[in-house]
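Produce the entire structure from the sequences given, and follow the hints as far as they go.
One line per chain: the protein sequences are A and B, in this order. Take 1 as the starting number for the first sequence in the working numbering and just add one per residue. Take 1 as the starting number for the second sequence in the working numbering and just add one per residue.
Check the hints yourself; a few may be wrong.
[Stated by the list, open to error] Far from chain B by the CB rule (all over 10 Å, computed), these chain A residues:
1) 20
2) 24
3) 100
4) 128
5) 143
6) 176
7) 208
8) 214
9) 271
10) 286
11) 383
12) 476
13) 478
[As the list claims (entries may be wrong)] Partial chain A-side listing against chain B, Cβ under 7 Å, derived:
14) 78
15) 233
16) 283
In case anyone wonders, no lab produced these hints; they're calculated from the structure. Idealized CB from N, CA, C, for every residue including glycine.
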Amino acid sequence: MSFGELGTLALVIYLVALTTIAEIARRARVDTSPSDHFLAGRNLGTMVLFLTLYATAYSGNSLLGYPGRAYVSGYSFIMSTGFMMSIIVVFHVLAPKLRPVAKSHGFVTPGDWIRHRFGSGHARGARPLVLAVAGLMSIALMNFLLAQLKAMGQVASVVTGGAVPYEVGVAGLAGFILFYETRGGMRAVAWTDAAQGILMLVGLATLFAWILGGSGGMEAITLAVSELRPDAVAVPDAIACAGWFSTIALLGLGSVIYPQAIQRIYAARDGRSLANSFALMCFMPLATTMVVTLIGIAAIPILSDLGAHQSDEVLPRLLAQWAAPGGAGQIGAVVVFVGALAAIMSTADSCLLSLGAMMAGDLLGNSGSDPATAVRGKRFAALLLVAMIPLALFEGLSLWRLIELKMELLIQCVPAFLLAIHWRDQRADATLAGLVVGTLLSVGLTFTDHSRILGVHAGIIGLGVNTLIVVVGSKILKDDSVV
Amino acid sequence: MIEGAEAEATALHARAKPSSVGNPTGRARLRRVLLGLIAFLYVMSVPWYRATDAPLKLQFGLPDWVAVAIACYVAVAVLNAFAWRLTEIPDEQDTVRDPDGNSSRDAP
Chain A
1 MSFGELGTLA LVIYLVALTT IAEIARRARV DTSPSDHFLA GRNLGTMVLF LTLYATAYSG
61 NSLLGYPGRA YVSGYSFIMS TGFMMSIIVV FHVLAPKLRP VAKSHGFVTP GDWIRHRFGS
121 GHARGARPLV LAVAGLMSIA LMNFLLAQLK AMGQVASVVT GGAVPYEVGV AGLAGFILFY
181 ETRGGMRAVA WTDAAQGILM LVGLATLFAW ILGGSGGMEA ITLAVSELRP DAVAVPDAIA
241 CAGWFSTIAL LGLGSVIYPQ AIQRIYAARD GRSLANSFAL MCFMPLATTM VVTLIGIAAI
301 PILSDLGAHQ SDEVLPRLLA QWAAPGGAGQ IGAVVVFVGA LAAIMSTADS CLLSLGAMMA
361 GDLLGNSGSD PATAVRGKRF AALLLVAMIP LALFEGLSLW RLIELKMELL IQCVPAFLLA
421 IHWRDQRADA TLAGLVVGTL LSVGLTFTDH SRILGVHAGI IGLGVNTLIV VVGSKILKDD
481 SVV
Chain B
1 MIEGAEAEAT ALHARAKPSS VGNPTGRARL RRVLLGLIAF LYVMSVPWYR ATDAPLKLQF
61 GLPDWVAVAI ACYVAVAVLN AFAWRLTEIP DEQDTVRDPD GNSSRDAP
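In structure tokens form, the structure reads like this:
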């Protein structure tokens, strides 16, 4: 059996398994409320919650983009282990306070928190703030979804040996996600995420074992890299170290307020399940991000002819080499490809579910308890996905650049969540002003080729100014209202 | 009488769990220490304090500054998992305790 035939068979088995899980999830549905559709009836226990957090956080970018980035940057990309770990550290600031409020007031979307905290319709700037936060989050999520669609097409084409062309892979798998997400909602997404998370771990463990076994261990790899690319093993300079800190802050703060991450805080069965899931998540950067980083570095001597613009091809090319002799290598490569596809689809389905919920609930202002909101959310998700497929067929930006652009926007919502949950005097109008200025500043810097200043991301600079405006503005406006 | 029984039960509970980890205040203090250590480990994981022209030295098959970074991240994972085990997340707002164990009814 050829690699393409084996890959096609594995893909079919995987999709049949997902359909079965989605159908079981549909039958487990309790009612047609938005809470049941978007949050699985708020009943996710520790293991399912942990696996859905894992599969959602570790996307196609983690498996396809990060090895390429490590290939280009060298050992300094070990920072990726740190920034993925920082997400679970920053959750300490948000989850313990947000969870009880969300449970008591039946939150479904991130905007529900903003409405609750700032009092939509009463406080000055509250409704525009909900719209601004939901709009910014939606743009960031669409960006993320687009990256997943592109990655799905690439992997489907490679795993089937070209039998499924890129365009068919994008459209077909997007349709598949829409099918199971629409039928089973968060329950189907979480259960399929759990299956996908397990597949991802198996794939990575297999790949890492092959890399270490075939390259003579880490020492041999490091020495070979140091001969070919001395810069890849050198101690980073001051600018690179500033960039390291900045990336940890950018991704740690930004990832915590992913709408799908916030919705998983809402969807937990209880506080203990949530805390236990986070405790398990602490170790996943070591098992996932560190492994793919080392794989990317090990690829430097193996694929010495790749350019920086071909960095997304590192993992597919490595696997092609592994599969070439046939036998166990071929099976292992197929497992990794299906694991990568699982990672991509699990992130895409969560993005889509959150986008549908935010568009129906936050942008259009529908009630979180009205069953019609769930129906509208499904329709928005379908429309959005269909609209994004043509964009995904345009292969321009690399996966890493897409995730960076997304974070520059998303991080401007941080004060509305991480600060507002702790500081009673924070005002809606000051928060809105900070968000607008921070966004304009970071987008402006990015578009004028200043995406980093002395290693610090434009998004972090924007967040600094944003936070300053929120704090000073809230103080001044509070004093004014007292007078 | 009831108050006396409660006081006795509290004293028994305290004797059964002599470590400060068992009570909310002790857990909160330990949690804060752990989060402080995590912040310190993050600062040390970035090789800002190393000379950029230092010759390559290997530790566990990796450049030594990479081995230090990984060691820091392994320690962060362990300490953070422990911190989450100590974190109390209530289910209802009107019984809100902050993650450090302090009660509050009027959280934002």
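Evaluation of the provided hints:
No beta-carbon of chain B comes within 10 Å of the beta-carbon of residue 20 of chain A; the shortest separation is about 33 Å. Consistency note on residue 24 of chain A: stated as away from chain B, and its beta-carbon is indeed over 10 Å from all of that chain's, at 27 Å minimum. For residue 100 of chain A, the condition that its CB be more than 10 Å from all CB atoms of chain B is violated, with the nearest at approximately 5 Å. No Cβ of chain B comes within 10 Å of the Cβ of residue 128 of chain A; the nearest lies about 20 Å off, and the non-interface call holds.
Interface exclusion of residue 143 of chain A from chain B stands, the closest Cβ pair being 27 Å apart, more than 10 Å. Residue-level check passed: residue 176 of chain A sits 34 Å from the nearest beta carbon of chain B, beyond 10 Å. Here residue 208 of chain A stays apart from chain B, with its beta-carbon at least about 14 Å from theirs, past the 10 Å limit. Every CB of chain B lies more than 10 Å from the CB of residue 214 of chain A, the least distance being 15 Å, so the non-interface label holds.
With a least CB separation of 3 Å from chain B, residue 271 of chain A falls inside the 10 Å interface cut-off, contrary to its annotation. Against chain B, the non-interface label of residue 286 of chain A is violated: not every CB pair exceeds 10 Å, the least being about 6 Å. Non-interface status of residue 383 of chain A relative to chain B is upheld: no Cβ of that chain comes within 10 Å, the nearest being about 35 Å off. The Cβ of residue 476 of chain A sits about 19 Å from the closest Cβ of chain B, beyond the 10 Å cut-off, so the non-interface label holds.
Every beta carbon of chain B lies more than 10 Å from that of residue 478 of chain A, the smallest distance being close to 14 Å; the non-interface claim holds. Taking 7 Å as the C-beta contact cut-off toward chain B, the hint placing residue 78 of chain A at the interface holds, the least distance being around 5 Å. At its closest, the beta carbon of residue 233 of chain A sits 5 Å from a beta carbon of chain B; the interface hint therefore holds under the 7 Å criterion. Interface restraint check for residue 283 of chain A: the shortest CB-CB distance to chain B comes to about 5 Å, inside 7 Å, so the restraint holds.
In this structure, the earlier hints numbered 3, 9, 10 are contradicted, and the remaining ones agree with it.
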